[in-house]
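Those protein sequences? They're chains G and L, same order as listed. If you're matching positions, the first sequence starts at 6 in this note's numbering and goes up one per residue. If you're matching positions, the second sequence starts at 6 in this note's numbering and goes up one per residue.
Do not rely on the hints blindly, as some may be mistaken.
Given that identical chains are not distinguished, each listed pair holds provided it fits within a single copy or across any two copies.
[Unchecked claim] Here are the simulated lysine to any residue pairs, SDA-like style, with alpha carbons at most 20 Å apart:
hint : residue 1 : residue 2
1    : K13       : I332
2    : K328      : N91
3    : K229      : Q82
4    : K328      : Q82
5    : K328      : R81
6    : K328      : R122
7    : K328      : S128
8    : K229      : R281
Since the hints were made in silico from the structure, they are not lab data. All values derive from a computational prediction rather than experimental measurement.
There are 2 protein chains.
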Amino acid sequence: MALFSFTKTHQSSECAGRTGIFQTPHGAIETPVFMPVGTQATVKSLDPAEVHDIGFGIILSNTYHLYLRPGQEIVRQAGGLHSFMNWPGAILTDSGGFQVFSLGALRKVTDEGVVFRSHIDGSKHLMTPEKSIAIQEDLGADVIMAFDECLAYPSDHQAARAAMERTISWATRCHAAHQRPDQALFGIVQGVVYSDLRRECAQRLTELNFPGYAIGGLSVGEPKPMMYDMLEVTVPELPEDKPRYLMGVGSPDCLWEGVARGVDLFDCVFPTRIARNGTALTSQGRVIIRDARYAADFGPLDPECGCPTCTRFSRAYLRHLFKAGEILALRLTSLHNIYFLYKLMERIRTALRQGRFYEEKKAFWASYYNE
Amino acid sequence: MALFSFTKTHQSSECAGRTGIFQTPHGAIETPVFMPVGTQATVKSLDPAEVHDIGFGIILSNTYHLYLRPGQEIVRQAGGLHSFMNWPGAILTDSGGFQVFSLGALRKVTDEGVVFRSHIDGSKHLMTPEKSIAIQEDLGADVIMAFDECLAYPSDHQAARAAMERTISWATRCHAAHQRPDQALFGIVQGVVYSDLRRECAQRLTELNFPGYAIGGLSVGEPKPMMYDMLEVTVPELPEDKPRYLMGVGSPDCLWEGVARGVDLFDCVFPTRIARNGTALTSQGRVIIRDARYAADFGPLDPECGCPTCTRFSRAYLRHLFKAGEILALRLTSLHNIYFLYKLMERIRTALRQGRFYEEKKAFWASYYNE
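Whenever a hint applies, use it, and build me the whole structure from the sequences.
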């Protein structure tokens, strides 16, 4: 059997959404899927066993962060990222392109690569497509990303074209540099919010015949309808038989809208980040746990939830833990939030298969957004 | 069957140490036992299920903290502390005496009780023996403590006697106020480091016929040999057939020395506190995880340990998590440290039963303290 394969198991007749099986060296993943983010080789506050027990088969980690700390050499010596962090499932590493882009004034882009200063100690580094691939080979994730140039929104068309050209040139260099057969290298479509650039980038990357394609540079400040438009022009240019990954996107509305437009993979830090700030995702929308109204509320965060938090602890207890600054608050809420997204994706997959996608989407909206 | 009983199962012929079964409404506890501390209704960073899975059957929580936040009324409405924090085992609550003593300039002691200011918001409160009992009845722990006056070390004999008299007077008031039959109220022996006061306090409290006795006001700054002396004069004055609890003590050396002098229960925040600072207790002594020497050390924290941390994660990974400021570091090290103390107490109980207490103590010292 091939180390990687993507098999479409169902095509919705209602929308561009489909279900599939993405086979990796560390297991088969049902798509569409949401991937929790373990930036620094840990999904913040959670034990990898807890994440796996929910049902997650793939998580994301970050090349930029692991390169700076602990360094890819340590991870390589540990036997790779799976072994280092004791994660039994598949891993996807981002290339570092988005992170160095996020450094703003701390980085300078040339055709060769990006010179940047570490956010940790200010030390100077050069990241190139070849170096990103070498680091990702040391980290040993199942799915790795081409090093790209991600622009801010808004950017003018000329700058967007230049970044797209560089992204394609770098993707070509990444493709040439990459050697490990047990890793799938995905190209990343850029082009800011210009339809012509998105189409052209998708077409030209497709010529390189990547085993999967990411759509990057979205959810960086542009209005959501604009992001959806970009998906609508990009996805049709990508091969039908390869997984499509919308980077850095994971709010419930975007998951529904992304799936409807043919996206297979998603990731986002938001469920764990807002959890640590005391916000829970529930079937009735967001719950701000510190709110005084929950002081004596002995029901679960979400009455419809079967997660290890909701089946064992009350809103009153969670509120107490947050008010008291207790770490367990962050754990229990993070666990709940990623469980919520796991179950949401399960519901979306079932809805696609049963031809009830829009019906379920509407029901979710009514309950979650109270619309 | 009585709700509470203490059955001595073995008396060491080598020392005053003994093994026993302390029966509570929430299970039977093998003694000598170390109790992890869940100050604010959570053993810091840990899920109660993790603590219970190690084997712990009793934990401690704090009346002072829970009175201030979330308030005993919330806990009572939740069905008591067991239900509030979803802890299936037994719970012991401290009376608040030690905590208000620790407030220093923020408290004023009279015969009526202690007026203190909250460390959270500066609000003014009066704690009396009767109020401490009422709060502890609302919290609903299995074992509760009399409200005592704990002095600092050093204190002169006159002040120590006055505090002892007040402690006995307050213990009498607590005894009179306490009503719940499903709670065992323990008296607390005070007397700073004066043998005559310790003996007298133990004798006079014994007349009140408490179901168990605590020894308080130790490990507050006095040299350890002085603490051991106080145990040697106090324990013989306490009833043979009642559990003896040495408050706030839990370092490995003190556990061995305390058991040797007839102590049955211990508690201390230190294993979880030092864990959060990056220090692990191991069979070879303390390991400072952030140390650079562990950067590429892919072995477990403790090669002799079977805990969920040591069986799954390396020193290199834990060091990375600490350096990166990740919460999982605190969890995994806390879990390891309380597991270490659980196994140490198991070893001590076995050594007592097998008549090899001093042999095992010597072996532990050789390995842990490298002596």
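Original post:
Hints broken by the structure, by number, lowest first?
Top reply: 1, 3, 8
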